[in-house]
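Protein chains in written order, with the working numbering: chain X, 1 to 483; chain C, 484 to 1136.
Simulated from the structure, these hints should not be mistaken for lab results.
You may find that some hints are simply not true.
What the hints assert, rightly or not - Computed footprint of chain C on chain X; a stretch qualifies when at least three of its residues, placed anywhere within it, have a C-beta under 8 Å from a C-beta of chain C:
hint : stretch
1    : 76 to 90
2    : 205 to 214
3    : 320 to 329
4    : 334 to 343
Since the structure is predicted, the reported quantities are computational estimates derived from the model, not experimental observations.
Beta carbons: idealized from backbone N, C-alpha and C, even for Gly.
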Amino acid sequence: MKKIIKYTLATLAFAAANNANAQNLNSGYFLDGFAYSHEINPAKDYDRKVYFSVPVLPGNINFGLRGNLHLTDILHKNPNGNGLTTYLNPNISYADAMKGFSTRNTLMSDLRFDLVSVGFHTKNAFHTIGIGIRSTEGADIPYTFFDVTKQLENKNYSISDLNVQMMAWAELSYGYSRNINEAWRIGGKAKILLGGAYASMKMDQLNLDLTGVDKWTVTAHANVEAGVKGLTWGEKEIKEYTEAYRKKHPGTPATYEQINFDNIDVKNSGLNGGGIAFDLGAEWDMGKQGILEGMKLSASLLDLGFIKWNKVALAHNNGEDFVFDGFHHIKVENGPGVPFDEQADDLGDRFSNLYSLKDGGTTSKTKGIGATLNIGCEYALPSYNKLKFGLLSTTRIHGKYTWNEERISANVSPLKWLEGGINLGVGTLGASFGWIVNIHPRGFNFFIGGDNVMGKLSKQGIPLKSKSNIAMGINFPIGKSNK
Amino acid sequence: MAGVLTATLCMSCIDNSYDLNDIDMTIGNNTNLTLPKCSTDSILLKNIMHLKQDDVIKIVPFGDGEIYVVKQDGEADIKPFKIDEISVSKPQKSTFDTKTDVSEFYTNSQKPAKRKVITIDPEIPGMAPITIPDETYIYEIDPAKANMKIDEAKANNISKDIISIDHIKCKEEITVTLHLSTDGFPTHINKIHLDNLSIILPEEIEVTSCYFVSDGEKTNAVSIDPGHIKLIEGKDKARTPDNIQLTITFQSAHNGKNFNFDPEKHTASLGGMFEVVGEFRLMTEEMDQALMQKAIDNEIARWNDKQKIENIIKFNETHDLRIFGDAVIPSAIHFKGEAAFNKDIVVKYISGEILHNVDEIKPIKLDNLPDFLQEDEVKLDLANPMIFIRAKSNLPATATTSITLYNDLNPEKKYAANDLIVNGYNKETKYYLANNKETKYLPTEDADAEFRQVENIGNLIIKVPKEVNIEVAPVRVKFEDLEIGNEHEYTVQVDYDVYAPLSFNDDFYLIYKGKDLGWNLDDDIAKINAKGITAKALISSNLPEELDFTLIPVDANNEEIKALEVSSAVVKANAEKQPITITLKPAKGHTINDVLAGKNGVKKLDGIQYRAVIKRAEDDKKGNAGQVWQGNTNIILTDIQLTIEGPITYDAN
Chain X
1 MKKIIKYTLA
11 TLAFAAANNA
21 NAQNLNSGYF
31 LDGFAYSHEI
41 NPAKDYDRKV
51 YFSVPVLPGN
61 INFGLRGNLH
71 LTDILHKNPN
81 GNGLTTYLNP
91 NISYADAMKG
101 FSTRNTLMSD
111 LRFDLVSVGF
121 HTKNAFHTIG
131 IGIRSTEGAD
141 IPYTFFDVTK
151 QLENKNYSIS
161 DLNVQMMAWA
171 ELSYGYSRNI
181 NEAWRIGGKA
191 KILLGGAYAS
201 MKMDQLNLDL
211 TGVDKWTVTA
221 HANVEAGVKG
231 LTWGEKEIKE
241 YTEAYRKKHP
251 GTPATYEQIN
261 FDNIDVKNSG
271 LNGGGIAFDL
281 GAEWDMGKQG
291 ILEGMKLSAS
301 LLDLGFIKWN
311 KVALAHNNGE
321 DFVFDGFHHI
331 KVENGPGVPF
341 DEQADDLGDR
351 FSNLYSLKDG
361 GTTSKTKGIG
371 ATLNIGCEYA
381 LPSYNKLKFG
391 LLSTTRIHGK
401 YTWNEERISA
411 NVSPLKWLEG
421 GINLGVGTLG
431 ASFGWIVNIH
441 PRGFNFFIGG
451 DNVMGKLSKQ
461 GIPLKSKSNI
471 AMGINFPIGK
481 SNK
Chain C
484 MAGVLTATLC
494 MSCIDNSYDL
504 NDIDMTIGNN
514 TNLTLPKCST
524 DSILLKNIMH
534 LKQDDVIKIV
544 PFGDGEIYVV
554 KQDGEADIKP
564 FKIDEISVSK
574 PQKSTFDTKT
584 DVSEFYTNSQ
594 KPAKRKVITI
604 DPEIPGMAPI
614 TIPDETYIYE
624 IDPAKANMKI
634 DEAKANNISK
644 DIISIDHIKC
654 KEEITVTLHL
664 STDGFPTHIN
674 KIHLDNLSII
684 LPEEIEVTSC
694 YFVSDGEKTN
704 AVSIDPGHIK
714 LIEGKDKART
724 PDNIQLTITF
734 QSAHNGKNFN
744 FDPEKHTASL
754 GGMFEVVGEF
764 RLMTEEMDQA
774 LMQKAIDNEI
784 ARWNDKQKIE
794 NIIKFNETHD
804 LRIFGDAVIP
814 SAIHFKGEAA
824 FNKDIVVKYI
834 SGEILHNVDE
844 IKPIKLDNLP
854 DFLQEDEVKL
864 DLANPMIFIR
874 AKSNLPATAT
884 TSITLYNDLN
894 PEKKYAANDL
904 IVNGYNKETK
914 YYLANNKETK
924 YLPTEDADAE
934 FRQVENIGNL
944 IIKVPKEVNI
954 EVAPVRVKFE
964 DLEIGNEHEY
974 TVQVDYDVYA
984 PLSFNDDFYL
994 IYKGKDLGWN
1004 LDDDIAKINA
1014 KGITAKALIS
1024 SNLPEELDFT
1034 LIPVDANNEE
1044 IKALEVSSAV
1054 VKANAEKQPI
1064 TITLKPAKGH
1074 TINDVLAGKN
1084 GVKKLDGIQY
1094 RAVIKRAEDD
1104 KKGNAGQVWQ
1114 GNTNIILTDI
1124 QLTIEGPITY
1134 DAN
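Start from the sequences, fold in the hints, and give me the full structure.
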């Protein structure tokens, strides 16, 4: 039980420690002076001739957490008034503990850090070149996991599809956009992806049937993949089967190997794969089309690509069912029967077989990096075109970590060098409130904002809610606004 | 500016009460958790009891199976004993030297034949020659004088076991030689008769043969009777008056005034005397006439005249030759005797009685008691305890003894079996002492044992003593012709068993206590708490009595921890899948964690004692013995369901 808690918290800490939001700052989608709108839609234009960022200053750094699993779901105020405690504390009622959990509990964190970003206009087009680092992490934990850990009782539990995954890569991109007529603008971006690290842990099936009065059955299928160059599982731990186990399972060898995560070794680390991805976008100015003045429609499909991980170390358990049908014919005081110790040893070995991971060799894996579909609609008041309203639908398509939100925003540009906006999003991960301030006087641009207000943080600065996002950047625009 | 703005935005949102460094990691479960059913195999009573080979309770074969019995063997350490050889040194030679006077004479007829005419000295006037008549002279032997007292011989240091000797038999025949001789006869007397010659001797000596040699002729005794050997009956024939050598042979003797045994001093003595009875007889006609005349003449020649005349006149009147003096007819015969034993009297067989003290017998130690017999409350109310006595002796006779039993708890109360007869000749004797004659549970090997009732002998062990003392009275043996000596070792072996099938009366009460200590609970265990633990099971047992089972949690000092309450369970006699429930809960004001961690004034749990009381249920009391516990008595627990009752917590801090 203690290990379960440790691993649960470690998983959450893993996600929280990388609390960046790879989502682009959607709050800036409808701001003409937001230099990085091309990362949300490659068809987006920029209102200055050129902008560039320098590596020593963050041109665009975006941290974010997203999900419906919050730190407050795990850590509660201790009912005894002393600090915090986990949801596992029996003083936290079952109802209180479980009300924060959903059928599926996801926690995603993403990081985008653009080291170099340059945008410039040519005669008809806007070009962007970027070098950045991105990572994405996710944990997807089913409700029953929390149920079984909170209240283990004689029930049937199915903890299927417990996933933890992370991926980190470097990205070299070139973007191009141009007007194809007066009303339409299209853009695209090609990205070369350099794989850094990939890891995945999947518990395909963890079923605990504790309802039987005669037996408990546990089924677990676990797989671990680690795509890090130079990674080996290291020296295996040699474990001995007990005599009791071998007696009950004739033909069993005396020992078996299992992976000891303490022995994992990484030598000659470096890039472990590569891939490509494309961003595609389009924008339709319905005003210029003569349909509705001030109305624009836009759409983009981002990160349509993959990374092939060259060497992925595999590990898995043997997937055999673990059955505990009680201890029978227990030998008591030198009487007939089987000694309890012997039966307990056999049980221990069989349980060890359930969770011990064995080296599955290496393979290559091709993994998508998760695509994002944005559809936007903006409307600038004809009477006061410095105020725009926008509606942005974003759908993240990434397997277990797929989500969707609709975000409505109000954006204002009271001055040529100042603009901002507020927005409200609702979606599969709940509601969120976003904001942005973008200051871009001549030669300098600083923006800060977030699609999710950070909300409260722990004393150590960890967001209490997993809807936290902050992005900021300093860039250097050159040239006049094209507006 | 950006940093200041960011910091401001963030700092403003920090919830200082949400400190990740202050997390109480107590975890737990609020509901119950029941483990799958478990079961035991047969829990054999003998294993629970930890019966060892030398335990007082044993499982012995009986019929087709086995039964429990209180059984303790013992063997009386009666050392073999010997009756030392009895040796009486041969008595010193004894003699007598006496004179036997003429007691009677007579002429042989009214007209005695004139055997000889003796011419009287012609110078004596008027004296005609005289005729010597046929006369007989009797010299009766006076036994008061003709006897040889046996120099009393003693045998000392006779075995103390001998309390009486009736009869002895010597290793070899003893010969007593009696030399009888006479002297002083004038030369004309060359024949003598030993009429009615007998020997009076100690009647205890059992003479086997007797003869005498005279004139070179061996003559057997006419009759041999106790204390009296008749050598010559009636008139004897004429013999040369020379030595007579009498040989008396004997090999046995019996107790009497001359041969007696002193049981106090452990001595035996042989005394008495040999007396000669009979008479010498001389007859004139068998004497040498010429020499006799010459002797007479010599006598007369020594007379003065007057006296001559007077003596001759007297002779004519009396015909008593003795007036001529001892030279003609001795007035007394010089009679000598000498008796000598040829060897020491070495006794080989005795008849009599032995009283052999049995050394102190080691008590039946009941110190190898299983725990359940060691409690003060135990009442071993056995149905019919038996004490088997097996005795064997190689004595050539039966012996009698008594056995007394008592225990160290009440040594005043004794249980005795008297007049137990122990067979001799290595034939085993078996008894069993019991309150009632046993009809069913006599061990096969002792089925032929003879019953001796000892009332209420069960009380001897109803409160189990440390030992049962056994006293075996001295073994009394009356015997005949018991061979004695170093080469003969006599044994009396007495084995005994306490043998009592575990079949109890209503009042029996056994307490079995066990313990499992030194758990030294891991620190992780000390972080656990639970509301309680409930164990349910179905119990089956062929124990014919009710069993009341209690668990007692104890600390490292083996002292009960009262902060933890454990319920007891009662298993009915011959239970068949009887449901039982044992619960373990903290006492009011405490938690199980107090006990596991040893806190809040509660000592840490370090083990458990279990206490089982085996007794008869009140409803089952019938005033008689219950079933005998069978060797396969066992308990089986099935459908064991262990439920840990929530909230269950673990302090993972």
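The hints, checked one at a time:
Chain C is given as covering the stretch 76 to 90 of chain X, and this holds because 11 residues of the stretch bring a CB closer than 8 Å to a CB of that chain, at least three being needed. With 4 residues bearing a CB less than 8 Å from a CB of chain C, the stretch 205 to 214 of chain X meets the requirement of three and the coverage assertion stands. Interface restraint, the stretch 320 to 329 of chain X with chain C: holds (6 residues with C-beta to C-beta distance below 8 Å; minimum three). Coverage of the stretch 334 to 343 of chain X by chain C holds. Counting CB-CB distances below 8 Å, 5 residues qualify, and the rule asks for three or more.
Violation of the numbered hints given earlier is absent; every hint is satisfied by the structure.
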